[in-house]
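Engineer: Please take these sequences and the hints and turn them into a complete structure.
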Amino acid sequence: MTARMRLSAITLDCADPEALAEFYRRATGMEPHPRSNADFAGLLREDGLFIGFQRVEGYRAPDWPEQAVPQQAHFDFDVDDLEETRALLLELGAAEPERQPGGDTWRVFTDPAGHPFCVIERSA
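Mapping to this note's numbering: the sequence shown position 66 is 705, numbers consecutive.
Please keep in mind that the hints were generated in silico from the structure rather than gathered at the bench.
Backbone N, C-alpha and C fix where the C-beta goes; we use that ideal spot for every residue, glycine too.
Don't take each hint at face value.
To be verified - Quick list of the computed label-pair ranges, beta carbon to beta carbon: (1) E722 <-> P673: 23 to 29 angstroms; (2) T667 <-> V695: 19 to 25 angstroms; (3) H672 <-> D715: 20 to 26 angstroms; (4) A707 <-> H672: 15 to 21 angstroms; (5) D743 <-> G687: 20 to 26 angstroms.
Structural biologist: Set out below in structure tokens:
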């Protein structure tokens with residue numbers, strides 16, 4: 640028998656949960672969880688998906704694409720306009736690594752805590 644599971648939450652380690660939640664709130668439009676605080680903040684999507692951000696003392700950011708501190712996990716986001724989204728993410732505090740293996744189809748960014756994530760244009 641195959642287990643049927645529905646993804647309900649993703650949680651990322653970071654040094655500042657509220658700041659990282661605010662970055663993703665502005666980037667995605669997800670709603671802040673009402674009980675977010677300095678140790679654990681969260682965002683909710685209409686369909687119930689929860690993204691959490693938990694404080695870790697001594698947090699070390701991933702060093703993508705190097706593996707001295709591996710990425711551990713990453714998000715993929717579909718977008719309508721890659722260049723428009725790129726401009727918004729950089730304005731919000733994301734970084735755009737020099738190495739970009741996706742060409743014109745998708746881009747790699749890192750959030751303010753160093754987690755890599757990809758943005759993929761829907762039409763690609």
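Engineer: All hints, please: hold or fail.
Structural biologist: Results of checking the hints against the structure:
A beta carbon spacing of about 35 angstroms between E722 and P673 contradicts the range 23 to 29 angstroms that was offered as a hint. The supplied range of 19 to 25 angstroms is met by T667 and V695, whose beta-carbon atoms lie about 22 angstroms from each other. At roughly 22 angstroms, the beta-carbon separation of H672 and D715 lies within the given 20 to 26 angstroms, and the hint holds. A C-beta distance of roughly 33 angstroms is found between A707 and H672, which places it outside the suggested range of 15 to 21 angstroms.
Restraint check, D743 to G687: a C-beta distance of roughly 34 angstroms breaks the suggested window 20 to 26 angstroms.
Of the numbered hints stated above, those contradicted by the structure are hints 1, 4 and 5, listed in ascending order.
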